[in-house]
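Taken in sequence, the protein lines are chains Z and Y.
Using the UniProt record's numbering, read the first sequence as starting at 1 and increasing by one per residue.
Using the UniProt record's numbering, read the second sequence as starting at 1 and increasing by one per residue.
One thing to keep in mind: the hints can contain errors.
You can't tell identical chains apart in this list, so a pair holds if it fits in one copy or across any two.
[Claimed, not checked] Here are the simulated lysine-lysine pairs, DSS-like style, with alpha carbons at most 30 Å apart:
#, residue 1, residue 2
1, Lys-155, Lys-25
2, Lys-439, Lys-480
3, Lys-436, Lys-526
4, Lys-54, Lys-291
5, Lys-569, Lys-291
6, Lys-80, Lys-471
7, Lys-480, Lys-526
8, Lys-25, Lys-222
9, Lys-267, Lys-578
10, Lys-56, Lys-526
11, Lys-578, Lys-77
12, Lys-49, Lys-543
13, Lys-36, Lys-578
14, Lys-80, Lys-543
15, Lys-25, Lys-471
16, Lys-471, Lys-439
17, Lys-30, Lys-439
18, Lys-569, Lys-80
19, Lys-471, Lys-54
20, Lys-32, Lys-436
21, Lys-25, Lys-569
22, Lys-30, Lys-291
23, Lys-291, Lys-305
Hint data in this document are derived by calculation from the structure and do not stem from the laboratory.
Note that the structure is predicted; figures quoted are calculated from it, not measured.
Number of protein chains: 2
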Amino acid sequence: MEQNDTTTIEMSAMEIHKVAPPPHKTTLQKLKTRLKETFFPDDPLRQFKGQPLKKKLILGAQYVFPILEWGPNYSLKLLKSDIVSGLTIASLAIPQGISYAKLANLPPIVGLYSSFVPPLVYAVLGSSRDLAVGPVSIASLVLGSMLREVVSPTKDPILFLQLAFSSTFFAGLFQASLGFLRLGFIIDFLSKATLIGFMAGAAIIVSLQQLKSLLGITNFTKQMGIIPVLSSVFHRTNEWSWQTILMGFCFLVFLLLTRHISIRKPKLFWISAGAPLLSVIISTLLVFALKAQKHGISVIGELQKGLNPVSWNMLHLHGSYLVLVIKTGIVTGILSLTEGIAVGRTFAALKNYQVDGNKEMIAIGLMNIVGSSTSCYVTTGSKTAVSNIVMAVTIMVTLLFLMPLFKYTPNVILGAIIVTAVIGLIDISAAYQIWKIDKFDFIVLLCAFFGVIFISVQNGLAIAVGISIFKVLLQITRPKTVLLGNIPGTRIYRNLDHYKEALSVPGFLILSIEAPINFANTTYLKERISRWMEEYESGETKKQSELRYVVLDLSAVSAIDTSGISLFKDLRMVLEKKSLELVLVNPIGEVLEKLQRADDTKDMMGPDCLFLTVGEAVASLSTTIKYQIPTHV
Amino acid sequence: MEQNDTTTIEMSAMEIHKVAPPPHKTTLQKLKTRLKETFFPDDPLRQFKGQPLKKKLILGAQYVFPILEWGPNYSLKLLKSDIVSGLTIASLAIPQGISYAKLANLPPIVGLYSSFVPPLVYAVLGSSRDLAVGPVSIASLVLGSMLREVVSPTKDPILFLQLAFSSTFFAGLFQASLGFLRLGFIIDFLSKATLIGFMAGAAIIVSLQQLKSLLGITNFTKQMGIIPVLSSVFHRTNEWSWQTILMGFCFLVFLLLTRHISIRKPKLFWISAGAPLLSVIISTLLVFALKAQKHGISVIGELQKGLNPVSWNMLHLHGSYLVLVIKTGIVTGILSLTEGIAVGRTFAALKNYQVDGNKEMIAIGLMNIVGSSTSCYVTTGSKTAVSNIVMAVTIMVTLLFLMPLFKYTPNVILGAIIVTAVIGLIDISAAYQIWKIDKFDFIVLLCAFFGVIFISVQNGLAIAVGISIFKVLLQITRPKTVLLGNIPGTRIYRNLDHYKEALSVPGFLILSIEAPINFANTTYLKERISRWMEEYESGETKKQSELRYVVLDLSAVSAIDTSGISLFKDLRMVLEKKSLELVLVNPIGEVLEKLQRADDTKDMMGPDCLFLTVGEAVASLSTTIKYQIPTHV
């Protein structure tokens with residue numbers, strides 16, 4: 001970029017610009033703007049503006065059922081590619097569905113049911129064509145562990161299943177309500193650092209649980225923490241089965257290898273997608289041929305043929321377990337939303353289209369509500385591009401005809417598949433990047449990680465979210481106040497600490513306040529400003545001139561409340577006692593308006609106390625203080 | 001103030017100032033600064049700096065026991081004025097102590113005990129000579145109502161008393177720990193609006209409770225809400241006693257009248273201070289003379305002579321009520337701190353000395369811990385200037401010799417005294433001021449008020465605090481982005497909406513982001529910035545020039561985290577697809593540093609993308625876009 005020497009600005013130092021009052025708005029108008037920015041920041045209905053009625057109706061139908069938008073443009077070519085990708089993903093979804101259901105302490109077939117109905121619902125209602133829908137590891141783990149704290153899945157399997165469906169119902173209800181009430185921003189409170197730490201911790205917890213099937217232990221601990229699991233593993237060495245370990249080890253190496261290849265060469269994606277199904281087939285044949293189930297290798301056993309049975313009569317919508325299922329529903333609902341929305345947004349950014357997060361939430365929520373009445377548990381969008389319809393049809397065929405084939409599938413393979421799937425959740429390079437940029441975020445990450453591993457999955461998450469919010473509140477409670485100085489030859493004022501060439505102006509204490517001023521920080525600001533004054537009194541600048549003016553640059557004060565207003569009143573009183581003057585610079589519209597409304601006597605906001613820039617304030621006020629800026633052309 | 005025409009600045013438009021990297025600091029140094037600002041913003045130990053050891057020891061002793069600081073300067077003249085004010089306040093403290101103890105469902109004498117030991121402890125440890133110490137209405141109400149939810153004060157008075165002392169112990173422990181850990185800023189989260197609403201609601205609840213003694217009802221409801229109390233009052237009209245009502249009405253009018261006089265003429269303060277004791281004396285004499293206790297006027301009854309009995313053996317520090325007393329202790333502890341610290345600060349501001357809030361909390365906390373072992377319940381500093389020692393001595397004399405005189409004091413007088421005291425907590429003019437300045441703060445006020453009246457005292461407070469914090473979080477989740485324009489003839493860029501004379505610059509989209517950028521708002525900011533771009537595309541400015549540069553003024557971005565960093569990476573990617581350039585202006589030190597650390601390829605922070613002011617960025621980049629500012633001298 002070249003520099004343009006033709007534009008020249010000349011300014012008289014004495015040209016003082018008035019601070020204008022903001023244009024008048026009624027409380028109602030302000031409320032409207034505020035509500036719009038809070039709940040409709042993406043202005044989802046703008047496409048409807050100025051359209052004729054018929055067009056509006058069509059757009060409305062397409063808005064509710066996005067399938068109407070892309071359906072008519074569907075072509076044979078698209079169908080062909082969809083069939084290929086759908087089959088590939090189905091071959092991944094079948095073994096993963098079975099495995100994740102086991103992770104949630106549910107019968108394996110529920111995992112397949114959950115890969116059939118929800119994708120069909122999402123295909124009609126969801127706005128992303130690129131999102132494969134099904135159960136995911138984190139939500140499965142959390143659902144299973146939260147319910148298991150109250151009900152045993154082995155002693156009371158029917159009740160456990162009922163509670164899982166009920167939780168799914170409430171997860172869906174919660175998700176849909178969030179979207180409908182446009183409160184989707186709640187999931188933003190799970191920061192990146194929190195999620196990376198949480199996912200890594202959960203991946204380790206999940207992997208540890210798989211030691212049960214990988215080592216062939218029958219009496220495994222019911223707890224999730226790292227310590228009880230490891231102690232359970234090493235106190236039961238007598239139960240280890242070498243056949244199981246050998247088989248598990250071989251297939252685990254095979255799966256990890258294919259995963260590694262696909263990461264290196266993304267074009268060979270189908271290798272890692274097909275490997276789980278291949279492992280299932282080979283291991284099943286092996287067990288069948290060698291009658292290995294009689295030599296200590298546990299197998300899935302009979303699976304019932306047929307499509308999803310109705311389950312709406314199994315929902316617990318009242319009674320003693322209501323609090324449990326609502327809590328479980330909310331936690332798993334938020335977790336699965338986080339995953340689904342994040343993946344959806346990534347695809348949208350890649351393919352350059354917009355995703356309305358709130359609308360997606362409604363779609364995912366309805367999908368789970370329907371799912372809970374058709375024997376599915378919590379599902380969401382996961383990582384791969386796919387046609388959900390083709391995938392669902394493949395699952396349907398499996399459910400109708402292929403179920404007996406799973407009878408001899410060994411559980412150890414499911415363990416290996418889960419480990420391979422969750423290992424991808426441990427993102428060390430992202431963690432390193434966070435360490436490099438922001439140490440505090442890294443602490444949040446560690447809290448989430450160790451909280452999940454040593455305390456519990458839900459509490460680890462809660463702790464990390466708590467710390468993130470606490471950090472934000474702390475920033476507000478302790479806002480930065482920065483001492484400004486003049487950059488020689490300009491009217492620019494910048495942080496004296498940061499810009500070493502900047503010079504402080506004798507007689508002036510120029511402070512920039514860098515946060516909204518509210519009840520949480522007025523006390524601090526008052527104390528901090530009086531400390532700045534004391535520091536001026538004891539510093540070098542004092543020798544040149546006594547302090548005369550305290551100039552507060554309010555450019556960065558984005559909001560103020562009544563406590564903040566009284567801060568200025570108090571400050572003025574304190575300064576008057578010391579015969580100092582308080583000068584305010586560039587308050588933004590809202591702040592200016594409130595200051596004026598509170599200033600009954602009209603002496604706080606006079607022309608000598610209010611300026612548009614620090615430069616103008618200093619130039620205008622430095623009459624008695626000899627102050628010369630070297631000219632500089 | 002005159003304007004100074006001798007200072008002239010001339011600037012070439014092409015003088016571009018480099019954005020300097022901030023001076024290097026290690027993570028440890030940064031952490032130190034951060035911790036200092038968070039926990040020691042008032043730098044409490046600065047007076048020790050550079051002093052010789054002996055002086056340091058003296059200062060240290062004075063720091064721990066402020067009495068050593070003012071004690072040696074104590075004079076006969078001060079003693080005389082202290083005796084007068086001490087006697088005045090004692091005459092207020094005796095009837096108020098008895099009344100507040102009844103408000104807390106405690107025996108009246110506990111109120112007198114609580115006005116004896118705590119003032120003495122505070123006189124030694126506290127830093128304010130102007131704070132009278134004793135029980136206060138709000139903490140009494142909350143203590144009584146929280147404990148009464150679990151234990152009945154009439155059926156199980158000993159247990160109730162034990163729980164009250166235990167709660168006081170934990171209140172003191174909590175207060176002292178807050179101060180010791182320098183977490184005193186927690187009480188700042190009770191905003192002014194919350195407190196005004198809460199106080200007004202509590203005053204009404206307290207006054208309603210007094211209907212029991214004012215109307216002479218014997219079977220009164222145990223609940224606190226406005227509805228059960230009023231229904232109880234009107235369903236028991238048969239219990240109303242006209243003698244009690246007549247007496248209560250007369251004294252209430254008398255007390256309110258004296259209060260009114262003292263408000264009008266603050267010099268006649270002693271009138272309202274003496275009125276309660278006078279009422280007690282007159283009414284006691286009346287009852288005694290007329291034998292009115294036999295005509296339906298209930299009286300206090302025998303009070304035991306003697307000083308505070310030891311009560312440390314009554315503390316419940318374990319067992320089934322532990323959770324209750326800790327909870328009650330924390331709530332009453334915070335409430336009484338809020339009152340004590342606020343009053344202390346007001347006096348400090350009036351008399352121009354500093355109050356170290358955290359140190360005050362330690363003093364108040366120790367006072368309550370000592371109090372809990374000497375039959376006192378929660379106390380704090382309340383509104384009046386006084387010598388605590390003189391007051392305590394007066395109470396001591398009362399406890400030792402005057403107790404039998406209270407035998408015939410009618411309860412109706414205590415009710416009238418409480419109503420008169422709490423009516424001052426309803427501050428309508430402050431509420432109106434808040435309504436005028438900030439409608440949202442007023443909503444918080446109303447929530448606190450109606451929450452207290454219709455739900456419960458604790459929940460009303462919790463709701464209001466929750467809403468206040470939610471508002472702050474909402475501000476962060478939805479930060480302001482403001483479109484800037486050039487004020488003609490200057491290099492100043494200001495909000496286009498606010499400054500009507502400002503002009504947008506064709507080819508540039510200049511946005512100012514006015515909040516820290518973090519996980520809670522990156523998604524919103526991304527959506528909002530792309531909406532601004534769409535608005536540019538469909539607006540007037542586009543006709544003059546295609547959009548070329550998106551300029552983000554980061555002056556007001558006081559902090560950033562890793563999610564915020566990735567916002568810039570994502571934005572750059574999106575803009576590159578549209579062949580737009582992202583230009584950053586004036587990031588503050590911390591933000592600049594993190595951006596540089598994240599910018600591995602060094603292409604985001606090049607000299608063409610980073611400027612010190614918006615003016616310089618526009619001047620430097622507008623080579624291809626014809627752009628002329630009218631000169632203006």
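Hint-by-hint comparison with the structure:
1. Taking the shortest Cα distances, Lys-155 and Lys-25 never come within 30 Å of each other, neither inside one copy (65 Å) nor across copies (60 Å).
2. When the C-alpha separation of Lys-439 and Lys-480 is checked against a cutoff of 30 Å, the pair qualifies both within a copy, at 19 Å, and between copies, at 27 Å.
3. Taking the shortest Cα distances, Lys-436 and Lys-526 sit within 30 Å of each other only across copies (23 Å), while inside one copy they are farther apart (35 Å).
4. Taking CA atoms no more than 30 Å apart as the test, Lys-54 paired with Lys-291 passes in neither setting, with 67 Å inside one copy and 89 Å between copies.
5. Neither within a single protomer nor between protomers do Lys-569 and Lys-291 lie at most 30 Å apart by alpha-carbon distance, with minima of 87 Å and 56 Å respectively.
6. Proximity of Lys-80 to Lys-471 under the C-alpha cut-off of 30 Å is found in neither arrangement, the shortest distances being 51 Å within a copy and 52 Å between copies.
7. Taking identical chains as interchangeable, the C-alpha atoms of Lys-480 and Lys-526 lie at most 30 Å apart whether they share a chain (13 Å) or sit on different chains (25 Å).
8. Neither within a single protomer nor between protomers do Lys-25 and Lys-222 lie at most 30 Å apart by alpha-carbon distance, with minima of 61 Å and 49 Å respectively.
9. In this assembly of identical chains, the alpha carbons of Lys-267 and Lys-578 lie at most 30 Å apart only when taken from different copies (27 Å versus 74 Å within one copy).
10. In this assembly of identical chains, the alpha carbons of Lys-56 and Lys-526 lie at most 30 Å apart only when taken from different copies (27 Å versus 55 Å within one copy).
11. Proximity of Lys-578 and Lys-77 under a CA criterion of 30 Å is satisfied inter-copy only: 29 Å between copies versus 81 Å inside one chain copy.
12. Proximity of Lys-49 to Lys-543 under the C-alpha cut-off of 30 Å is restricted to the inter-copy arrangement: shortest distance 21 Å between copies versus 65 Å within a copy.
13. Taking the closest pair of Cα atoms, Lys-36 and Lys-578 come within 30 Å of each other only across two copies (27 Å); inside a single copy the shortest separation is 46 Å, beyond that limit.
14. Taking CA atoms no more than 30 Å apart as the test, Lys-80 paired with Lys-543 passes in neither setting, with 83 Å inside one copy and 45 Å between copies.
15. With identical chains, the CA atoms of Lys-25 and Lys-471 are at most 30 Å apart between copies only, with a shortest distance of 21 Å across copies and 34 Å within one.
16. With identical chains, the CA atoms of Lys-471 and Lys-439 are at most 30 Å apart both within one copy (12 Å) and between copies (27 Å).
17. For the homomeric pair Lys-30 and Lys-439, the shortest alpha-carbon distance between copies (10 Å) is at most 30 Å, but the shortest distance inside one copy (39 Å) is not.
18. For the homomeric pair Lys-569 and Lys-80, neither the shortest alpha-carbon distance inside one copy (72 Å) nor that between copies (36 Å) is at most 30 Å.
19. In this homomeric assembly, Lys-471 and Lys-54 never come within 30 Å of each other (Cα to Cα): the closest approach is 50 Å inside a single copy and 41 Å across copies.
20. Proximity of Lys-32 to Lys-436 under the C-alpha cut-off of 30 Å is restricted to the inter-copy arrangement: shortest distance 19 Å between copies versus 42 Å within a copy.
21. When the C-alpha separation of Lys-25 and Lys-569 is checked against a cutoff of 30 Å, the pair qualifies only within one copy, where the shortest distance is 25 Å, while the shortest distance between copies is 37 Å.
22. Proximity of Lys-30 to Lys-291 under the C-alpha cut-off of 30 Å is found in neither arrangement, the shortest distances being 75 Å within a copy and 65 Å between copies.
23. For a Cα distance limit of 30 Å, the shortest separation of Lys-291 from Lys-305 inside one copy, 23 Å, qualifies, whereas the shortest one across copies, 92 Å, does not.
Hint compliance for this structure: hints 1, 4, 5, 6, 8, 14, 18, 19, 22 are not met, and every other hint is.
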